[in-house]
Amino acid sequence: ETGVTQSPTHLIKTRGQQVTLRCSSQSGHNTVSWYQQALGQGPQFIFQYYREEENGRGNFPPRFSGLQFPNYSSELNVNALELDDSALYLCASSSGLAGVKETQYFGPGTRLLVL
Amino acid sequence: KQEVTQIPAALSVPEGENLVLNCSFTDSAIYNLQWFRQDPGKGLTSLLLIQSSQREQTSGRLNASLDKSSGRSTLYIAASQPGDSATYLCAVASGSRLTFGEGTQLTVNP
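Read top to bottom, the protein sequences are chains P and W. For the first sequence, our numbering puts the final residue at 804, and the numbers step up evenly by one. For the second sequence, our numbering puts the final residue at 112, and the numbers step up evenly by one.
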């Protein structure tokens, strides 16, 4: 069984640029969630996708957007990058119904540095 | 708004010691509580999940308890080993999100 994978592993961008992060969910999982983890802090919920529809969003501005594809993989897009967007971006997948009633399985993350 | 607090923020113990990590949360309307391990610069590894109707879960040397009415959970690690050194995060599940604490950074010294 393949676990959750994310690409790229590391990324360096400059302020104002745009970035796309990718996540492949674990086999059989139909729900994908994205989290932002700043250094020394716990992860913060960005949004969740269930069967290609957004199902809940955290306190992030609209320049954070996402997609889920028919194979349940997902993208996180961030426009107009700011220095404070520098963080580890984590993707989690789960099976069953929408929400977080099932165990969430996390990928290794993408480390984004904005200069 | 759900808030999760973990105490202590950091803990250093000698190898072989039994230890307890604490987690508290403000809203008891949760589906479950999950404990994770995070190694430096890495993703999260799920350790234990306790459903809201359960009181505890065990896996090997790990035991997690949940008292939903008081908004508390503990993670007990028996006979700690240097390989247990990591940051331990608790997260409560409600709606479509996990709400995390800031973690306890554990160092087990040989």
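Rather than coming from a laboratory, the hints here were simulated on the basis of the structure. Predicted, not measured: the structure shown is a model, and the values here were computed from it. Heads up, the beta-carbon is just placed ideally off N, CA and C, and yes, glycines get one too. There could be a bad hint or two in this list.
[Unchecked claim] Selected chain W positions facing chain P (Cβ under 8 Å, derived; list incomplete):
#, residue
1, Leu46
2, Ser48
3, Leu49
4, Ser61
5, Arg63
6, Leu64
Hints and how they fare:
Because the smallest distance between the Cβ of W/Leu46 and any Cβ of chain P comes to about 4 Å, under 8 Å, the interface hint for this residue holds. Interface hint status for W/Ser48: upheld, as the beta-carbon distance to the closest one in chain P is roughly 6 Å, under 8 Å. Nearest Cβ of chain P to the Cβ of W/Leu49: about 10 Å, over the 8 Å cut. The hint is violated. Below 8 Å, beta-carbon pairs count as interface contacts, and W/Ser61 has none with chain P, the closest being about 12 Å; its hint is therefore violated.
A hinted interface residue such as W/Arg63 counts as satisfied when its beta carbon comes closer than 8 Å to some beta carbon of chain P; here the least separation is about 20 Å, so the hint is violated. For the restraint placing W/Leu64 at the interface with chain P, the shortest Cβ-Cβ distance is roughly 15 Å, beyond the 8 Å limit, so the hint is violated.
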